[in-house]
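Colleague: Sequence:
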Amino acid sequence: MPGADGSRWTTFARVLHSVGRLLITSGTVILLFVGYELWGTNLQTNRSQTDLRRDFRRALARTKVDDGGVVDGSGRTTTTRPPGTGSGSTPSTTPPSTAPGIPPPGEGQPLGQISMPSIGVRNFAIVQGVSIPVLKRGAGHYPETPLPGQAGNAAIAGHRTTYGAPFHNVDKLRPGDSITVRTLQGLFTYKVFATKIVLPNEVWVLQDFGDNRLTLTACEPKFSAKQRIIIMAKLVGNPVPKLPGQDAAARKIARAGSEAAAGRTAIDQYQAEGVVRFPGALWGLATVGVWALVRLGAWGLRRRRFVRVLPYAAGLPVCMVLLYLFFENFSYEAFTAAIRLNL
Numbered sequence: 278m279p280g281a282d283g284s285r286w287t288t289f290a291r292v293l294h295s296v297g298r299l300l301i302t303s304g305t306v307i308l309l310f311v312g313y314e315l316w317g318t319n320l321q322t323n324r325s326q327t328d329l330r331r332d333f334r335r336a337l338a339r340t341k342v343d344d345g346g347v348v349d350g351s352g353r354t355t356t357t358r359p360p361g362t363g364s365g366s367t368p369s370t371t372p373p374s375t376a377p378g379i380p381p382p383g384e385g386q387p388l389g390q391i392s393m394p395s396i397g398v399r400n401f402a403i404v405q406g407v408s409i410p411v412l413k414r415g416a417g418h419y420p421e422t423p424l425p426g427q428a429g430n431a432a433i434a435g436h437r438t439t440y441g442a443p444f445h446n447v448d449k450l451r452p453g454d455s456i457t458v459r460t461l462q463g464l465f466t467y468k469v470f471a472t473k474i475v476l477p478n479e480v481w482v483l484q485d486f487g488d489n490r491l492t493l494t495a496c497e498p499k500f501s502a503k504q505r506i507i508i509m510a511k512l513v514g515n516p517v518p519k520l521p522g523q524d525a526a527a528r529k530i531a532r533a534g535s536e537a538a539a540g541r542t543a544i545d546q547y548q549a550e551g552v553v554r555f556p557g558a559l560w561g562l563a564t565v566g567v568w569a570l571v572r573l574g575a576w577g578l579r580r581r582r583f584v585r586v587l588p589y590a591a592g593l594p595v596c597m598v599l600l601y602l603f604f605e606n607f608s609y610e611a612f613t614a615a616i617r618l619n620l
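Mind the numbering: the sequence shown is residues 278 to 620 in the working numbering, read in order.
It should be emphasised that the hints constitute simulated quantities derived from the structure, not laboratory data.
A quick note: this is a predicted structure, and the numbers were derived from the prediction, not measured.
Errors might be hidden in some of the hints.
Listed below are the simulated DSSO-like cross-link pairs for lysine-lysine, each with C-alpha atoms no more than 27 Å apart in a straight line [stated by the list, open to error]:
#, residue 1, residue 2
1, Lys-413, Lys-503
2, Lys-449, Lys-413
3, Lys-468, Lys-449
4, Lys-449, Lys-499
5, Lys-529, Lys-449
6, Lys-529, Lys-468
7, Lys-499, Lys-468
8, Lys-449, Lys-503
9, Lys-499, Lys-473
10, Lys-473, Lys-413
11, Lys-499, Lys-511
From just these sequences and the hints, can you work out the full model?
Modeller: Right under this line is the structure:
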């Protein structure tokens with residue numbers, strides 16, 4: 278019957294139209310998420326970096342150690358160099374006889390700045406801890422390892438594609454390249470000597486190797502959490518002592534649950550991270566609910582050509598805010614792992 282065929286075709290066309298709208302909406306959300314990851318997260322980190330640098334400068338002004346020398350009342354620094362080195366030479370580390378009276382950093386507090394001139398990284402703030410929220414603010418120091426400039430293996434983690442991407446081009450570091458780290462104990466220079474690619478559970482890279490080194494960890498390749506790239510650099514000069522109470526402060530961070538208290542089983546927390554952190558799921562559901570109301574409102578006003586845009590004008594800004602809050606609590610790395618997308 279022609280009428281029945283026409284009815285079936287109309288139904289099919291409506292279903293196809295609805296599927297098309299759903300695909301377009303989904304594609305738009307994915308593009309917005311990509312934009313958030315590549316640019317939105319950088320805006321967050323830039324604000325955090327401004328605050329961290331300010332706090333670190335204030336802390337530095339309260340200490341007497343800067344660049345291996347003594348800061349006088351005018352803010353000038355007296356620096357000692359090894360005999361026979363000119364003004365163009367890299368000064369080696371000159372350790373004080375005892376650690377200065379500096380309190381060890383707590384989780385999320387600034388502890389220094391890292392620079393890698395050969396890849397364009399300058400004075401990027403380092404914070405204590407490598408939990409996921411902490412790494413959104415800056416490069417993160419593994420609390421169970423020595424602070425940069427101290428004896429042993431000081432380890433720092435950082436992002437490569439989001440949240441400021443301080444380690445974006447660490448794969449371009451070559452043996453002999455300099456890495457400098459400024460802490461409240463001084464300015465320390467490291468020379469790169471090796472680069473390795475490891476699995477996320479190869480925590481041996483954080484162990485003490487009997488020398489004085491800096492280890493940088495980041496995801497490998499870019500836009501993936503499949504492996505980790507490890508940069509190893511050796512300290513130039515002598516190490517400085519540990520801060521009073523430094524080990525106890527590290528244990529306190531571990532007991533708080535943000536770091537691995539019983540020993541690390543992975544280089545970072547992305548392996549155990551949930552796809553959506555609370556209250557991210559609520560923001561996602563709220564976004565869907567508001568968008569459904571917008572669509573219902575537009576459908577109810579479908580015969581009024583100009584008025585039907587009002588639900589979109591009122592609802593879209595609300596959806597964008599809710600979607601932003603959802604993105605803040607959504608983990609791309611955990612999502613790809615959950616669906617076995619081995620990127």
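Colleague: Of the numbered hints stated earlier in the document, which are not met by this structure?
Modeller: The structure conflicts with hints 5 and 6, although it agrees with all the remaining ones.
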